[in-house]
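Residue numbers (this note's numbering), protein chains in the order written: chain A, 167 to 705; chain B, 125 to 434; chain C, -8 to 356.
Hints may contain errors.
Unchecked claim - Pulled from the structure, derived: some chain C residues nowhere near chain B, Cβ distances all over 10 Å:
| # | residue |
| --- | --- |
| 1 | Ala53 |
| 2 | Ser66 |
| 3 | Pro67 |
| 4 | Gly76 |
| 5 | Leu94 |
| 6 | Gly113 |
| 7 | Leu145 |
| 8 | Val149 |
| 9 | Leu150 |
| 10 | Gly157 |
| 11 | Gly188 |
| 12 | Leu197 |
| 13 | Thr213 |
| 14 | Glu254 |
| 15 | Ser333 |
| 16 | Leu334 |
To be verified - Derived CB-CB ranges, DEER-like:
| # | chain 1 | residue 1 | chain 2 | residue 2 | range |
| --- | --- | --- | --- | --- | --- |
| 17 | B | Thr182 | A | Arg501 | 55 to 65 Å |
| 18 | B | Thr182 | C | Gly196 | 30 to 40 Å |
| 19 | A | Asp503 | C | Gly76 | 31 to 41 Å |
| 20 | A | Gly411 | C | Val39 | 40 to 50 Å |
| 21 | C | Pro67 | A | Asp608 | 20 to 30 Å |
| 22 | A | Ser410 | C | Pro67 | 36 to 46 Å |
| 23 | A | Ala297 | C | Gly76 | 12 to 22 Å |
| 24 | B | Val176 | C | Ala214 | 40 to 50 Å |
| 25 | A | Asp310 | B | Ile242 | 55 to 65 Å |
| 26 | C | Pro50 | B | Val176 | 41 to 51 Å |
Don't read these hints as lab results, they were simulated from the structure. Glycine included, every Cβ here is placed at the ideal spot set by N, Cα and C.
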Amino acid sequence: MRTVPHRARRRRTSSSVLALAVAVALTSCSTGGTATTAESGAGLRLAESTEYASLHPLDHPLGITTKFYDGLVNVGENGALEPGLAAQMPTPDEDLTTWTVQLRQDVTFSDGSNFTADDVLAAYDAVRDPAMGSWMAADYAMVDAVTALGEHTVEFKLSHSYAGLPARLTLGIPASEALGDSVLHSSLAAEPVGTGPYVLEDWRRGESMALSSRDDWWAGDPEVERIDIAFVPDENARAQRLRSGEFDGAQLSPRLAAALDGVNDLELVTNPSGDFRGISLPQSLPFFQDPQVRTAVNLATDRQAMIDGILQGHGRPLATPMTPAQGDSYEPSARFDHDPARAAELLDGAGWTLTVDGVREKDGRQFSFALMYFAEDTLRRDLAQAFASDLSELGIRVELEGVDRSQAAASMEDKAFVLGGGDLPYDADTQVYRQVSSDFADYDPDDPYSNPSGYADEQVDRLLAESREEADPQIRAGLYRELQTRLVQNPPMVSLMALEHTYVAQGLDRWDGLAPVVEPHEHGVAWGPWWNVESWTRP
Amino acid sequence: MNSETLRTHTTLTAGGRAPDAPPPARRPLPSRQSRQFRPSRGAHDATPGRAVRILCATVLAALVAYAVLVPILFTVDPFLVDYRTGAQGPSPAHPFGTDVAGRDLFSRSAAGLRVSLIAAIAGAAGAVVIGTAAGATCAMVGGRFDRWCMRGVDTLNAVPHLLLGIVVASFFRGSLLAIVMVVAVTHWTQTARLVRSEILTLRAQDHVRAAVSQGFTRLQLVRHLGLPLLGGQLAVAAGLLVPHAVWHESTLTFIGLGLPPHQPSLGSLLQLGQEALLSGAWWSIAVPAGLLVLVTVCLAGLLRSPAGRS
Amino acid sequence: MVERRVLDPAVSMTPAPERAVGPPLASPGASQGAVRATRNRRGRLVGVLVGRRLAWTVPLLAVISLGIFALAALSPADATTGFLGARGEFTPASSRDNVEELLGHGTWLESWLAWAGSTLTGDPGWSTAYRAPVAEIVAARLPWTVLIMATGVLSAAVLSVVLALGVALTPHHPVSRTVVGGLWAVTALPSFLVSLGLMAVFAIGLGWLPAGGLTNPGADLTAGQVATHMVLPTAAVAVSQVPWMSLHLHEALRAQLNGPAVEAARVRGLSEPTIVARHALPAAAIPVVAIAGTRLPEIVAGAAVVELVLSWPGLGQALVEAALAQDLALLATVGVLLTAASLLGGLLADVALVALDPRTDPREL
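When you get a sec, could you build the whole thing from the sequences and use the hints?
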């Protein structure tokens, strides 16, 4: 057992006291209570669907931690990257292997200490340190060294040219002395020390959390002074409590969000995202080795019906993992229209003919495969059912399997899977590379979600590599558009749709400064209309 | 209050009939489980009467027929999805309405009921088998072994079964077998007690003593005299466990640890129904909830017991 | 602590050292009267009962925790996947190895020994699901579980007495018959369905009660806030317990009211309310107390399920969270705590039975 930080010991004793004295606590608290900032109008009361396991920025990026931490680069309006703790955007050298970042000089952490290059070094060393146990370590594998060129200048040396680095610099920077020796045993998991606009005021485990604004944040004083977040896993309860006015907002499934739109001042708010869903077509199954068959399956999938029926229209059909959120890099003409007749022709042409029992066969082998989805994920469940239903009309039998994560990983090689992606959509490389690069074509039980179809295409690999080395944004975007055209000719999987994340909120008109954003796979009250709550102002 | 009432109730529950008093030397240990003060026979208002039992039997038979026959007779695929016909209320075409994915709840509920019943019956049967083996072993070996075993059984009884179920089901998620095993492994104790006390009672009877004096071994006695006589009681014990097992399956599935959600079962139908609750699709939760209650109430009514939970 | 509390009513005359578990001491002296001697003897027997039960409890808890570690090793789920959760989908292989390294602790037996050893010294380890000490998680959640369990059982008891009295005194009234029938039907409801129903009706349908949480969002943790928020969870726990309590109590009451003792009291000319309150009800309570002990595991498990459905921040929630995340230290600790709670509760009920009913033989419990 690792050593327990002193903080933890202190808290343990104090909470044992709580255990014994609950009755006292209940009776001694005044029942009246002073008006909180939430009631006086300078606060927000939001409902989150799951409690956070950790507030450590190396364990939980791009979520609620963005309220406690800033990255060198932050996500801005419409998903554009903008300087955060960096004074301006990082500048690369000619071959994109050395990146220099000038830091802001006026920044302090919530514990009062100054932000310097040492904190940046510590954070990026920690995230790459195997002993730290950050799940993002491999994403920084191309970083050879991070060095300080002065108190407020940092240099990143990369092992290969990499145009997508700025998106990776969104990592939140904690105070170096609070980092701890691993994400598991660090005090940062529960007690953030960052440069961000808010500090954690209170965390009632299993129930709620309160954030209050800092009065010395480098970008100014947030006018939303307090954010109360309650953890309400049950979606019906969340919706009901929204309807009764208990909350100012929450994330809801499209179906419930649409039902609440317009009820008691509640409004539906959506943000586009790089969060996509797709179905892997593992090429260990003989029928999926044929590109014609993969194309047929793509044509047989009625994406719009899924979007309308399951997402209430809040999604964009996709043909590849690239989404409209990637801006210029997105190729709108790369698409699969729903065409079951053409799909049937392709299958007939490939030798998969219908038999009397309605299932296609070739050389005595039935066209039948298993499709896994995460059992607890209702969206993936619905998509799996709809996909199976579409294919059954084409004469392909799909056996559904609701699985947990371990089972999914173990069977990824020879079972199809409803996959999700878009964990970092702010660069085309981070959006698409792991999904289709042949680097990940061999099945690895420790890395089952990268290229789960076992797809390899020389042209795709070449385009992926070239775009990493291309400094000119226009030319780079062109390479990615070319990539999508190729991915439609030789599809690796069935890309279904990019989600629009749906939220329900009230009282947004009391504030100025709301703006659209592109959300990653991660969602919740740190996103939605509240993603830039720190810069909201009163009209 | 007198101790005689207490004793009668005790033996009624443990044995299902009033047995001869066991010999003092071999008196079974009083069972904690057997201290169930159940409304006695002939009670005028608390016990389901003959009419109620007939009614329960009829409804049960209808439910079983529904679960078995509908999936055979109706060729509508309970897996086929069409979101355009989702969340429709009961109508002649769909007597129980449709769920949000447009699947017919009449056929889907039947499939769900069938899965839940199969899981429950398998679990109950497993529990009775384990319990019979354990009870018979204790009674046959007797002495200190028996005494210790029964203390152990009492202790095991005090473990919250459902919590164990949650733990095991979360380790083996989506596995029907895991649920059946959990029910079997945690519910055999009552049967063990029952079997043991019956065998001890039997042994004190004349014809058994006669058999012993003729040189029958203990194992032969249990096999030829004990188990056949116990058959009816074991069936009742298993029957009483079925509602219990249905609860376990549905609870575990409902909280997301049991069967996968596309697989219809009472638990997964309820889970899906809950999702539709706020959008006003009351039937999608009322149907599976109604089936669950009907099954457990009727089994309990038929077997004359408040559905005893562990 | 528990031990002394449960012994007090029965052995109030016993000198303090005798409360200790173990073989009874010699008779305290010739000057004491016969009554006192009997009490002493019963007190010692209760001591033996307590000792014996505790002696069984320790190995059982060890076996249960051992079983949890062993089952986890058998299960296809693994700790790294549990720790990563939803992020596992975006975790490349080398990062995954680091996390595995961070969590890895040898075989399941070694892990269990490490956990058991440190638990015996008062530190039940580190929760991987919450990235915090297990003791901290348990301490923060235990009070809320105890709160709804205790208030739930208490309100169930009060309601049951009222119902049982009402029905026993007017056995032929149609309302009584309906109530009994209704109670029978309610016994068929699993507690998650009860919770769901209560939430659907009172929180979602009528909007009278909050649907979850300890307080309104942003409100301070005050008694008033908690009181309104605990109504639904408490009611859900209570509703599951009322049927068996009141049916058994009613049955026992009916036996009492038709029994010789009450007959004698009637002959002596005591008023009916006095008879019910002074004679019938206390006697009828005895069997219900006896059964309460055997029902405790169900109450504990029921409360856990209620917490899940009504998002009450208690141990039941943590148990499921820990199980899903393969957080064995937390899982074993919570499992052992809840089991210990129901074992000690059962013991408490049995000791109460000995104290209430002089005919109960502690040796047979």
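Tested hints:
1. Ala53: holds, 12 Å
2. Ser66: violated, 3 Å
3. Pro67: Since the minimum Cβ distance to chain B is about 7 Å, C/Pro67 lies within 10 Å and the statement is violated.
4. Gly76: holds, 14 Å
5. Leu94: It holds; C/Leu94 is separated from chain B by about 16 Å at its closest Cβ, greater than 10 Å.
6. Gly113: holds, 23 Å
7. Leu145: Check passes; 20 Å lies beyond 10 Å.
8. Val149: The claim stands: C/Val149 keeps its Cβ more than 10 Å from every Cβ of chain B (closest is about 20 Å).
9. Leu150: Holds, because the least Cβ-Cβ distance between C/Leu150 and chain B comes to about 16 Å, which exceeds 10 Å.
10. Gly157: holds, 13 Å
11. Gly188: The claim is violated: C/Gly188 sits with its nearest Cβ about 8 Å from chain B, within 10 Å.
12. Leu197: holds, 14 Å
13. Thr213: holds, 29 Å
14. Glu254: Holds, since 12 Å exceeds 10 Å.
15. Ser333: Violated, since 5 Å does not exceed 10 Å.
16. Leu334: violated, 5 Å
17. B/Thr182 with A/Arg501: 55 to 65 Å: This hint holds: roughly 58 Å between Cβ atoms.
18. B/Thr182 with C/Gly196: 30 to 40 Å: The hint (30 to 40 Å, Cβ to Cβ) holds, given that B/Thr182 and C/Gly196 are roughly 33 Å apart.
19. A/Asp503 with C/Gly76: 31 to 41 Å: holds, 37 Å
20. A/Gly411 with C/Val39: 40 to 50 Å: Given range 40 to 50 Å: violated, Cβ gap about 60 Å.
21. C/Pro67 with A/Asp608: 20 to 30 Å: holds, 22 Å
22. A/Ser410 with C/Pro67: 36 to 46 Å: holds, 42 Å
23. A/Ala297 with C/Gly76: 12 to 22 Å: With a Cβ separation near 21 Å, A/Ala297 and C/Gly76 satisfy 12 to 22 Å, so the hint holds.
24. B/Val176 with C/Ala214: 40 to 50 Å: holds, 46 Å
25. A/Asp310 with B/Ile242: 55 to 65 Å: Given about 60 Å between the Cβ atoms, the range holds.
26. C/Pro50 with B/Val176: 41 to 51 Å: holds, 45 Å
Against the hints set out earlier in the document, violations occur for numbers 2, 3, 11, 15, 16, 20.
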